[in-house]
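> So the chains spell out like this:
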Amino acid sequence: MGFAHRHLLGIEPLSQSDITCILDLADQYVTLNRSAQKTSDVLKGLTQINMFFENSTRTQASFELAGKRLGADVMNMAMQASSIKKGETLIDTALTLNAMHPDLLVVRHPNSGAVDLLAQKVNCAVLNAGDGRHEHPTQALLDALTIRRAKGRLHRLNIAICGDIAHSRVARSNIILLGKMENRIRLIGPPTLMPSEISEFGCEVYDDMREGLKDVDVVMMLRLQKERMDGGFIPSEREYYHRFGLDADKLSHAKDDAIVMHPGPMNRGVEIDGDIADDVTRSVIQEQVEMGVAVRMAAMHLLAENAKAAARGMSSSEVMV
Amino acid sequence: MSEALAFPAQARRAVWVFTADLPEGALERLVMPPADALREALGLSSLNTDHIEVFQPEVLEGYTLASFLTGANGLDEASVAPDTATLDALEGPVLLVFSGALSAADTALAPKPPLVFIGRYIEKSEATLYEAPFFPAGATAPPLPAETPKPVSARLIGAIVLVVLLLIAALAALTT
Numbered sequence: 001m002g003f004a005h006r007h008l009l010g011i012e013p014l015s016q017s018d019i020t021c022i023l024d025l026a027d028q029y030v031t032l033n034r035s036a037q038k039t040s041d042v043l044k045g046l047t048q049i050n051m052f053f054e055n056s057t058r059t060q061a062s063f064e065l066a067g068k069r070l071g072a073d074v075m076n077m078a079m080q081a082s083s084i085k086k087g088e089t090l091i092d093t094a095l096t097l098n099a100m101h102p103d104l105l106v107v108r109h110p111n112s113g114a115v116d117l118l119a120q121k122v123n124c125a126v127l128n129a130g131d132g133r134h135e136h137p138t139q140a141l142l143d144a145l146t147i148r149r150a151k152g153r154l155h156r157l158n159i160a161i162c163g164d165i166a167h168s169r170v171a172r173s174n175i176i177l178l179g180k181m182e183n184r185i186r187l188i189g190p191p192t193l194m195p196s197e198i199s200e201f202g203c204e205v206y207d208d209m210r211e212g213l214k215d216v217d218v219v220m221m222l223r224l225q226k227e228r229m230d231g232g233f234i235p236s237e238r239e240y241y242h243r244f245g246l247d248a249d250k251l252s253h254a255k256d257d258a259i260v261m262h263p264g265p266m267n268r269g270v271e272i273d274g275d276i277a278d279d280v281t282r283s284v285i286q287e288q289v290e291m292g293v294a295v296r297m298a299a300m301h302l303l304a305e306n307a308k309a310a311a312r313g314m315s316s317s318e319v320m321v
Numbered sequence: 322m323s324e325a326l327a328f329p330a331q332a333r334r335a336v337w338v339f340t341a342d343l344p345e346g347a348l349e350r351l352v353m354p355p356a357d358a359l360r361e362a363l364g365l366s367s368l369n370t371d372h373i374e375v376f377q378p379e380v381l382e383g384y385t386l387a388s389f390l391t392g393a394n395g396l397d398e399a400s401v402a403p404d405t406a407t408l409d410a411l412e413g414p415v416l417l418v419f420s421g422a423l424s425a426a427d428t429a430l431a432p433k434p435p436l437v438f439i440g441r442y443i444e445k446s447e448a449t450l451y452e453a454p455f456f457p458a459g460a461t462a463p464p465l466p467a468e469t470p471k472p473v474s475a476r477l478i479g480a481i482v483l484v485v486l487l488l489i490a491a492l493a494a495l496t497t
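Top to bottom, those sequences are chains S and A. All letters in the first sequence, in the order written, are residues 1 to 321 by this note's numbering. All letters in the second sequence, in the order written, are residues 322 to 497 by this note's numbering.
You may find that some hints are simply not true.
As the list claims (entries may be wrong) - Heads up, simulated DSS-like pairs for lysine-lysine below, C-alpha to C-alpha not over 30 Å straight-line:
| no. | chain 1 | residue 1 | chain 2 | residue 2 |
| --- | --- | --- | --- | --- |
| 1 | A | K433 | A | K445 |
| 2 | S | K214 | S | K226 |
| 3 | S | K255 | S | K214 |
| 4 | S | K180 | A | K445 |
| 5 | S | K226 | A | K445 |
| 6 | S | K38 | S | K308 |
| 7 | S | K151 | S | K255 |
| 8 | S | K121 | S | K308 |
| 9 | A | K445 | S | K121 |
What the hints assert, rightly or not - Not close to chain A: a few residues of chain S, all C-beta gaps over 10 Å, as computed:
| no. | residue |
| --- | --- |
| 10 | T20 |
| 11 | L32 |
| 12 | K68 |
| 13 | M77 |
| 14 | K151 |
| 15 | S252 |
| 16 | E305 |
Don't read these hints as lab results, they were simulated from the structure. Since the model is a prediction, treat every value here as computed from it, not as a measurement. Don't be surprised by glycine CBs; every beta carbon is placed ideally from N, CA and C.
Start from the sequences and build out the full structure, keeping to the hints where you can.
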């Protein structure tokens with residue numbers, strides 16, 4: 001099965017078979033990661049630069065671990081603290097990067113579109129680790145792998161995405177991916193946190209958790225950002241939890257075997273009850289962290305293979321995994 | 322005061338674009354921390370230079386200044402569109418002041434020469450603020466449960482007992 005992409009910038013350009021290709025390879029990496037050996041030399045001799053313009057310890061650590069397990073030389077650049085940011089454009093940054101000759105560039109940036117611009121300017125494969133409100137493709141892929149392993153399939157499921165849909169790149173990438181895989185998606189949240197163009201998403205929209213969660217297979221909670229709590233989008237954290245926080249009563253409306261997901265880090269008692277988050281019979285939040293490393297290993301493996309093939313003059317669709 | 326120099330409503334990211342009538346390299350030097358002269362020229366009480374960019378538009382190879390603002394900085398195309406021609410015709414260094422550079426103590430910019438204000442551009446709003454109904458019109462909100470006092474945890478009681486015992490032991494040791 002081929003994966004014909006030079007970069008992983010979003011879910012939007014991926015086909016069903018691209019998604020399946022990444023998830024199948026990630027499944028193999030789950031097995032590797034659970035073995036005593038854990039390492040491979042797929043990226044041996046390659047340089048991976050993690051460039052995070054926004055703080056994200058978890059995502060950065062996951063990419064770092066993924067690269068190291070595949071044998072890459074991994075370098076982290078904390079761009080927020082770096083003087084490289086001051087007075088420089090992204091294009092200056094791209095030129096600086098090209099001088100370092102990396103093979104894989106992992107970028108998180110607060111501005112939608114910034115990662116696309118870097119991908120146009122640098123001479124290596126780029127992975128989007130989250131850009132503004134645009135996309136967070138590896139989060140959607142790791143969520144998809146978690147669902148596929150828990151439910152045995154990734155199609156014809158009823159999936160509820162709950163909370164701050166408007167500001168969430170995780171929600172956006174998940175809506176695109178789960179829609180491509182032919183699932184029925186429900187969006188649940190207060191009207192104040194729904195995107196203005198919600199009708200374009202092709203999802204069912206609810207503002208009542210009990211109604212929206214009825215008979216769903218998957219409950220995907222979203223993190224409520226601190227600035228939303230202070231920014232006039234919700235009346236109070238307490239009221240938000242009362243109406244939209246996931247607790248045992250609201251979860252009882254979902255199917256008995258429904259799984260609970262959260263991209264982390266969680267605000268316990270704001271978007272999710274702590275006991276639900278820790279309930280190993282329902283919550284797959286720890287599995288999501290594990291799947292994150294495997295999915296990132298798979299994505300970097302595929303992009304590195306394509307880069308090697310391009311260097312040899314082969315088309316990426318000829319690369320077999 | 323021009324509305325374009327006031328800070329936007331909560332959670333709307335914005336950028337203010339300026340040029341400056343200065344010798345080559347002078348604007349770049351103004352941005353170097355602590356950037357007090359730039360802060361004063363912008364009429365601000367504080368300034369975070371991590372959220373400021375100065376560059377020559379010609380370095381944006383393949384992009385225009387307008388498309389750089391929308392395509393790489395996520396600003397609303399509708400906000401930038403009226404000034405596209407002006408932005409793309411700018412020569413010499415441009416200064417971008419992103420809203421992250423500003424502190425809550427200030428509510429507006431008050432730029433002075435040599436800075437020349439070009440325009441303010443905002444990020445597209447994806448949602449409405451709470452002044453819109455948290456519940457749709459006509460919906461009946463279930464009442465919020467009464468807040469119950471939190472029970473004192475056993476761990477806290479244990480810690481207090483331990484401290485008291487340690488104090489008694491220390492006093493006993495002092496008196497003997």
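> Take the hints in turn and mark each one as holding or not.
Against the structure, the hints come out as follows:
1. K433(A) - K445(A): This hinted pair holds, its Cα atoms lying about 28 Å apart.
2. K214(S) - K226(S): holds, 29 Å
3. K255(S) - K214(S): Judged against 30 Å, a Cα distance of about 7 Å means the pair holds.
4. K180(S) - K445(A): Holds. K180(S) to K445(A) sits at ~26 Å (cutoff 30 Å).
5. K226(S) - K445(A): holds, 20 Å
6. K38(S) - K308(S): holds, 23 Å
7. K151(S) - K255(S): holds, 12 Å
8. K121(S) - K308(S): holds, 19 Å
9. K445(A) - K121(S): holds, 25 Å
10. T20: T20(S) clear of chain A: closest Cβ-Cβ about 30 Å, beyond 10 Å.
11. L32: holds, 37 Å
12. K68: K68(S) clear of chain A: closest Cβ-Cβ about 29 Å, beyond 10 Å.
13. M77: holds, 15 Å
14. K151: holds, 30 Å
15. S252: It holds; S252(S) is separated from chain A by about 16 Å at its closest Cβ, greater than 10 Å.
16. E305: For E305(S), whose nearest Cβ neighbour in chain A is about 28 Å away, the distance exceeds 10 Å, so it holds.
Hint check: no violations occur; every hint is consistent with the structure.
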